[in-house]
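Undergrad: Residues per chain are reported as follows:
Number of protein chains: 2
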Amino acid sequence: MKKVKIYVTLRESILDPQGSAVQGSLHNMGYDEVSEVRIGKFLELQIDPSERDVDTLVKEMCEKLLTNTVIEDYRYEVEEAN
Amino acid sequence: MKKVKIYVTLRESILDPQGSAVQGSLHNMGYDEVSEVRIGKFLELQIDPSERDVDTLVKEMCEKLLTNTVIEDYRYEVEEAN
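Taken in sequence, the protein lines are chains W and V.
The first sequence begins at 1388 in the working numbering and counts up one residue at a time.
The second sequence begins at 1388 in the working numbering and counts up one residue at a time.
If you are wondering where the hints come from, they were derived from the structure by calculation, not from laboratory data.
Be aware that one or more of the hints could be misleading.
Which copy is meant is left open, because identical chains are indistinguishable; a pair holds if it fits in one copy or across any two.
What the hints assert, rightly or not - 27 Å max Cα-Cα, derived DSSO-like pairs, lysine-lysine: (1) Lys-1389 - Lys-1446; (2) Lys-1392 - Lys-1446; (3) Lys-1390 - Lys-1451; (4) Lys-1451 - Lys-1428; (5) Lys-1428 - Lys-1392; (6) Lys-1428 - Lys-1389; (7) Lys-1446 - Lys-1428; (8) Lys-1389 - Lys-1451; (9) Lys-1428 - Lys-1390.
Here the structure is a predicted model, which means the values were calculated and not measured.
Full structure from sequences and hints, please.
TA: The structure is reproduced here in C-alpha cells:
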C-alpha cells in the first residue's frame, strides 16, 4: 500500500483572492508581518499497487480530475503506508 | 524573510464528504486502486521577522483564524525565503 500526498497550488501568475482575503484578515488581527498568502489544496490518498505504475497513476489522476492544470500546479510524494 | 507552509487536515475521526466524492469519481474513472482519499488545505505565506517569535505567530494565526481546531489538525514548516 502506498500513501500519496498531493499538493495543489495556484500558478504564480494567477491571482489568489482567497489568499488575499485571509491576508487582509490577518492584518486586521494585528499580524502585519504576514505577506504573500496563497491557499492551495492538500490531498492524501492510498494506492493499492497493481500492475499499473504509481507515478503514472498519480499524474493521470491529477491531470484528469484533481487539478486544473490551466491555473494550478501540483507536486506529490509517494511513501510506504504503515 | 521566512517562508511558512501550513498543512491543514481534517481530524481522523471526522468524515470527509469531499474526499469521498473525489474517491467515487476516481473509481468511476477506473482508478479502483485508490482509497482513503482525504482533502485538506495547504497555505503558503511569508513572515517578515519582527520581535515576535515565528513559531508563536504561526500557532496563534492557525488557532485563531486559519484552522478550526475542533475538526482540523495542522502542521507547519518554516524555511528561509529566497
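Undergrad: Each hint needs a verdict: does it hold in this structure or not?
TA: So, going through the hints one by one against the coordinates:
In this assembly of identical chains, the alpha carbons of Lys-1389 and Lys-1446 lie at most 27 Å apart only when taken from the same copy (15 Å versus 31 Å across copies). When the C-alpha separation of Lys-1392 and Lys-1446 is checked against a cutoff of 27 Å, the pair qualifies both within a copy, at 12 Å, and between copies, at 23 Å. Within a single copy, Lys-1390 and Lys-1451 get their C-alpha atoms as close as 20 Å, which meets the 27 Å cut-off; across copies the closest is 31 Å, which misses it. For a Cα distance limit of 27 Å, the shortest separation of Lys-1451 from Lys-1428 qualifies both inside one copy, at 16 Å, and across copies, at 20 Å.
When the C-alpha separation of Lys-1428 and Lys-1392 is checked against a cutoff of 27 Å, the pair qualifies both within a copy, at 10 Å, and between copies, at 12 Å. Within a single copy, Lys-1428 and Lys-1389 get their C-alpha atoms as close as 20 Å, and across copies as close as 21 Å, so both meet the 27 Å cut-off. Taking the shortest Cα distances, Lys-1446 and Lys-1428 sit within 27 Å of each other both inside one copy (16 Å) and across copies (20 Å). Taking CA atoms no more than 27 Å apart as the test, Lys-1389 paired with Lys-1451 passes inside one copy only; the shortest distance there is 20 Å, against 34 Å between copies.
Proximity of Lys-1428 and Lys-1390 under a CA criterion of 27 Å is satisfied in both settings, with 17 Å inside one chain copy and 17 Å between copies.
Violated hints for the displayed structure: none, as all numbered hints are satisfied.
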